Amino acid sequence: MKFLKFVLQDNNDEDKRQVLTENAKVPIEEFLKKKFNLEKSQINELVYSIGLATKESSKTPEALARIRRYLTSFNVYGNFPVLVSKYGGPGEISQGFCRSAAVGGSTYKLNTTLVDYDPSQKVAKFSDKSSVRINEKLVVSPTQIPKFLQTSYNEITEALPMKNINRLVVVVKKDCKEWMSNSESSAVVVFPPHSLPSDNSKGIQALVQNGGSGVCPDGHSIWYLTSFEQDKAKAKLDLQSALDKMEAAILRESSNNLDDVLGEEDFVISERGTPVVVNSVKLGKSLQNFVPKEKLEIICKLGYVQQTYVANDLSNVLNPTKDNNVTLRKPKDCGEIIFTNMPSAEISYDGIVSECKTLYSSITGADDDFFDVDFEDEDDTFDGAGFHQQPQTVSTIKANALTDDENAIASSDEDDHNEPFGANEMEL
Numbered sequence: 515m516k517f518l519k520f521v522l523q524d525n526n527d528e529d530k531r532q533v534l535t536e537n538a539k540v541p542i543e544e545f546l547k548k549k550f551n552l553e554k555s556q557i558n559e560l561v562y563s564i565g566l567a568t569k570e571s572s573k574t575p576e577a578l579a580r581i582r583r584y585l586t587s588f589n590v591y592g593n594f595p596v597l598v599s600k601y602g603g604p605g606e607i608s609q610g611f612c613r614s615a616a617v618g619g620s621t622y623k624l625n626t627t628l629v630d631y632d633p634s635q636k637v638a639k640f641s642d643k644s645s646v647r648i649n650e651k652l653v654v655s656p657t658q659i660p661k662f663l664q665t666s667y668n669e670i671t672e673a674l675p676m677k678n679i680n681r682l683v684v685v686v687k688k689d690c691k692e693w694m695s696n697s698e699s700s701a702v703v704v705f706p707p708h709s710l711p712s713d714n715s716k717g718i719q720a721l722v723q724n725g726g727s728g729v730c731p732d733g734h735s736i737w738y739l740t741s742f743e744q745d746k747a748k749a750k751l752d753l754q755s756a757l758d759k760m761e762a763a764i765l766r767e768s769s770n771n772l773d774d775v776l777g778e779e780d781f782v783i784s785e786r787g788t789p790v791v792v793n794s795v796k797l798g799k800s801l802q803n804f805v806p807k808e809k810l811e812i813i814c815k816l817g818y819v820q821q822t823y824v825a826n827d828l829s830n831v832l833n834p835t836k837d838n839n840v841t842l843r844k845p846k847d848c849g850e851i852i853f854t855n856m857p858s859a860e861i862s863y864d865g866i867v868s869e870c871k872t873l874y875s876s877i878t879g880a881d882d883d884f885f886d887v888d889f890e891d892e893d894d895t896f897d898g899a900g901f902h903q904q905p906q907t908v909s910t911i912k913a914n915a916l917t918d919d920e921n922a923i924a925s926s927d928e929d930d931h932n933e934p935f936g937a938n939e940m941e942l
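For reference, each letter of the sequence shown is one residue, going 515 to 942 in the working numbering.
Some clues are possibly wrong.
[Unchecked claim] Simulated crosslink set (DSS-like; lysine-lysine; CA at most 30 Å straight-line):
#1 Lys836 to Lys643
#2 Lys871 to Lys639
#3 Lys846 to Lys573
#4 Lys623 to Lys636
#5 Lys748 to Lys573
#6 Lys651 to Lys836
#7 Lys677 to Lys691
#8 Lys750 to Lys677
#9 Lys516 to Lys569
Because the hints were derived from the structure by calculation, they are not lab data.
Fair warning: this is a prediction, and the values are worked out from it, not measured in the lab.
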């Protein structure tokens with residue numbers, strides 16, 4: 515409780531600022547142990563499960579910002595601080611952009627790629643034989659780079675360090691409901707550094723989704739495991755070790771063999787009328803010695819390595835410069851072309867807003883009005899030619915404003931509504 519009060523405390527509080535300043539370079543594990551006397555298991559829960567950190571010895575301000583993000587997200591979009599998109603996630607984000615783009619008068623073309631661009635005429639040609647004049651900038655994804663731009667892309671990325679994101683996707687014939695709350699269809703499993711038999715130096719994160727999320731049939735689930743280890747061979751070993759642990763855990767937790775382990779004498783009834791295990795030692799020994807009678811049916815198993823120029827700590831996204839970010843590096847022969855970054859390994863999508871702001875400022879020259887969203891007044895009237903007869907009424911919404919909720923765990927500090935805690939370490 516003492517730690518929670520500290521995390522949610524007013525960020526302008528002098529005592530808190532002094533503590534953070536004094537511990538700016540102190541590893542979060544050391545800070546939590548010395549300042550709050552927390553045990554290793556509690557520290558792992560806060561740093562790696564709630565904070566979703568991926569490395570050891572994260573600096574205290576960075577880790578606290580991650581933990582605070584989780585705690586202040588309660589009741590923002592529901593009674594749980596996490597949102598998971600259905601049907602695979604990014605597809606829904608793309609669809610949302612498509613709809614918003616249409617409202618703004620944009621055209622969203624599917625199954626079409628860029629094949630040529632004339633910088634003198636500023637005309638782009640596409641694979642469906644169509645063409646369009648570019649009035650501002652041409653934004654190109656690395657996965658859609660045509661042959662005529664490959665040399666330019668190689669030149670601007672030559673000095674940037676490549677990062678590996680090692681992934682393992684496993685489809686299993688089990689809904690894994692033991693890992694999820696009632697009516698939920700997703701869970702996150704985390705293995706902190708050095709918690710696996712392979713002695714993993716980086717954290718392993720696994721997103722688990724079953725049929726309720728729309729990504730697979732009912733009675734099945736998909737496990738998305740990610741390792742940030744840069745040594746590919748070691749990463750493969752760590753991912754397999756994590757998979758083995760998850761397989762053993764779900765078989766143990768879903769087995770009926772444990773029904774005979776505890777008798778009536780091993781339970782007591784609480785004041786609320788629910789049974790509580792009192793012989794935890796007996797249960798622990800049975801779990802430790804558990805031998806499954808069945809094997810987990812694995813339908814599909816796919817491993818691959820994703821490469822990106824985004825640092826694992828998002829440093830070159832939150833603080834982009836021409837020396838560290840692809841988007842700010844322009845091709846010599848064509849300044850109208852902007853390349854985007856490949857996705858990062860951040861499971862929480864942290865960094866996406868900063869990526870968009872960088873693109874926005876590269877196109878418009880500034881990002882001062884990035885969070886201003888304009889809506890036309892529905893009461894506006896139109897003449898026969900389709901033009902407004904009166905000036906457009908505009909209402910401005912600050913996208914980063916927060917609403918007060920008496921049930922939410924949030925700080926009353928007004929400054930929090932303008933600049934997130936630990937803004938230099940993360941964006942959300």
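Okay, the hints, checked on the actual structure:
Proximity of Lys836 to Lys643 is assessed by CA-CA distance (about 35 Å); at most 30 Å being required, the pair is judged violated. Proximity of Lys871 to Lys639 is assessed by CA-CA distance (about 27 Å); at most 30 Å being required, the pair is judged to hold. The straight-line distance between the Cα atoms of Lys846 and Lys573 is roughly 38 Å, outside the 30 Å bound, and the hint therefore fails. With a C-alpha separation of about 19 Å, the suggested pair Lys623 and Lys636 falls inside the 30 Å cut-off, and the hint holds.
A hinted pair counts as satisfied when its Cα atoms are at most 30 Å apart, and Lys748 with Lys573 qualifies at roughly 25 Å. At most 30 Å may separate the alpha-carbon atoms for a hinted pair to count; Lys651 and Lys836 meet this at roughly 17 Å. Proximity of Lys677 to Lys691 is assessed by CA-CA distance (about 34 Å); at most 30 Å being required, the pair is judged violated. For the suggested pair Lys750 and Lys677, the alpha carbons sit about 15 Å apart, so the restraint of at most 30 Å is met.
In summary, the hint linking Lys516 to Lys569 is supported, as the alpha carbons are separated by about 25 Å, within the 30 Å threshold.
Of the hints listed earlier, those the structure fails to meet are numbers 1, 3 and 7, in rising order.
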